[in-house]
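Dock chain to chain to rebuild the complex, using the hints, since each chain is given by itself in its own frame.
Those protein sequences? They're chains A and B, same order as listed. Numbering follows the working numbering, with no gaps: position 213 of the first sequence is 213. Numbering follows the working numbering, with no gaps: position 34 of the second sequence is 34.
Here are some chain A residues pointing at chain B (derived, C-beta under 7 Å):
1) T68
2) H70
3) L71
4) G72
5) E87
6) A93
7) F94
8) S101
These aren't lab readings, by the way, just hints derived from the structure by calculation. Where a beta carbon is used, it is the ideal one built from N, C-alpha and C, also for glycine.
Below, each chain spelled out in residue letters.
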Amino acid sequence: MATRTNTTDNAIRRVNLLVTTRKGMWALTSDVARRSWKLAGPHFLGHIVHHAVRDPRDGRTLLVAARTGHLGPTIFRSTNEGRSWQEAVRPPAFAPGSGRSVDHTFWLTPGHVSEPGVWYAGTSPQGLFRSADAGATWDGVAGFNAHPQRQAWCGGDQDGTPDGGKLHSVLVDPRDPLHLYIGLSSGGVFESIDGGADWRPLNRGIRADFLPDPDAEYGHDPHCVRLHPSVPDRLYQQNHCGIYRLDRPAERWVDIGVTMPKSVGAIGFPVVLHPQDPDILWVFPMDGTSAWPRVPPRGRPAVYRSVNGGRSWQRHATGLPVAQAWWTVKRQAMTVDAREPAGVYFGTTSGEVWGSRDEGRTWRCLARHLPHVYAVEAA
Amino acid sequence: MAKASAEAAAVVRVRIPSPLRSYTGGAEELLVATPVLAPEHPPSLLSVLAAVEARHHGLRFRIVDELGRLRPHIKVFVGNELAADLGVPVPTGSEVMIVAALSGG
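Here chain B stands alone, though its shape is the one from the complex (with noise of 0.2 Å):
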């Protein structure tokens, strides 16, 4: 199997919502590397965010529960298109937006 290398990583920003920043130290963005194996197959959501959770351990749990489904008020983009699944490809240079939308009163 190929290594992932500097030259073979997609490099993705992620924002974050004011929710989860208590995982980010108060981080408001983060860069992710994200292996890419073939450069015709760009990382899955999926694979950013166990990036994500590799450096910030708890906060995958609070947006994905453990069937892997997004939680119900909790919608993400890659780019300027809404992410129907974690399995949305991510490519290199894109920009990933959590975003924690408040329900009820």
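Isolated chain A (complex conformation) (with noise of 0.2 Å):
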């Protein structure tokens, strides 16, 4: 699995791939190079895994959320490369007398690099927790799971997604550990100042062609949001109507799907940012017309990237299938690596990972026959 720890050169620029799945958890690690990968695993066989993700502050400690198609969500960790597993004493779980049950936990973010321990998960239905312990105990996010306006923000069981609603997202403002933000899917997105203590929608600008009110101030469906780590003021998203951008400390998302060719549109579930440059990002678009069979349009699979912050796209397909691909990459199944120039990876729902090693121009297959992918992360 990574190889972060170990202090030699060529092992710190290998790349290390999370893959999970519907049924499990494997593990892709490259060679220096980027041109040679071995698949490791399944960890978890048989479970639903959701997220997994390694702790950037100490290297080691890594977070699976998962659940079987039977068996309730819990949280799985281990330091020691996925060798042994401990799980979570106390798995996110609604306060008592909440009327809700966590159904699976989707999303995991470490915490503030001046917060060693702290990590937040996201739920389905819309539910935010915290862990002050490294994912051992979960408590609720009070915040957010009892404001008063929640249910409002989050709507009923027909505002979910197919598998159910869910809070996503979860990015930390890498100047202020109190300063987050979350997207609900549905419900938009939402701003905390004081460490989630209180909350308020930051959604203007954004279209929601489902909802009769065309400026609700909430109802909205990002499905990804990214805050650039460098030039955190600079946050993107892949709604379900759209691609933004928002520059803060301004409030109104600008619209940069327009630029998108109309023939393609500018719908899709990830959104990717390069490592260093807050100006390129990479989607990848999906068919959201009539039925929204969301697959790539006409079955010709593309990445698209922008180098100008989403004043124009670029089409990148070169080594992906020319026809007859349908398959879809889900909103956590897209990820950057931090090498220079900058590897772009995606997981699909036909159990093929694929990646580029020049920031997206070209793409190659690294493992095929997995199950859906779910997420993928590179560690």
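Right, dumping it as structure tokens:
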């Protein structure tokens, strides 16, 4: 699995991908040149693994959000590269009397660098949880879970995604541990400046074609929201209704999906950002016409990259199937590494992992025949 | 309050399905003793699962949610009867069978 704890240059320069799927977790590890990849696993075979994330603060703590088709949701932890796992003593669960139960933990985010051991988890239905002991015990963030507006923000069962409403894209401002963003599907983007004690909607400028009020304050459907790590006032989101950029302290998102080709559209699930350059981002467009098949338009998958903050886009499909490819890339299933030039990776619902070591220009299949991929994280 | 004694305990056999045996050290069956405070009031399934949880922490949350409901694809039989909820009585000598029904492909 990951090699960040190894102090040799070569080990540090290898890339490790955590690939979580509907039926377990695998790891893909590259050589230094990122030409050769080795697949290891499975871990948790038979478990539905929604997300796995390595703690960048210590380089060794690995958290995995898992459940099975019949058993309830839990969190597994490892500090020895997955050789052994400990289950959370108290996994995310709503407070007694809430009337809600966690169906699955969907999203994991390590906390601020000044708060070692702090993690956040987003669940389905929409709930926010915090651990202060590296994932061993979890408590609900009452400022959100018991917020008087939570029900209005999240809506009912009809407002969720097909497998339940989700709280995702938990973003921690690297300058301020109290400054947080979250994404709700549905509900929209929300911001807290007091560590989660209170929240407010941050959705101005976002379309919501499925709501009667075109200027609704909340109720939107952000599929994936990212904050640039070195320019944290720059946010991007791939939304159910387009692609957007926000430069704080501005409050109104800018529609950068309008510059996508009309024949492709601006619908998709993931958006990922270049680790250094805040103007470079990648999306993976999906067919959002008529019955919303959510597959590559015309069965021709392509990554779209912008190098100018979304003012224009380039199509990159070299190496990808040229026709008759009908898989989906989910919101957590696309990621970048920290190398120069940046590597970009995605996993598909048909169990393939694709990678590019030239910032998305050319692609190669790194693994196939895996289960339905839910998430890919470079660790 | 009466103190539970060996004579005032309901002993039941609990059959553990394979997905939960990571919690029981691989054991397929457990013998669980649950206090009985009055003969006419045998312990409930809730009490039996509490006794199981005391020995094998974490198992209960995988089959019972935070609202106290059996999870959607979990069935529990007490003898040959499907338990409708966790309040059903479990007389001494009963066999409790936990079934994890797979869902989807």
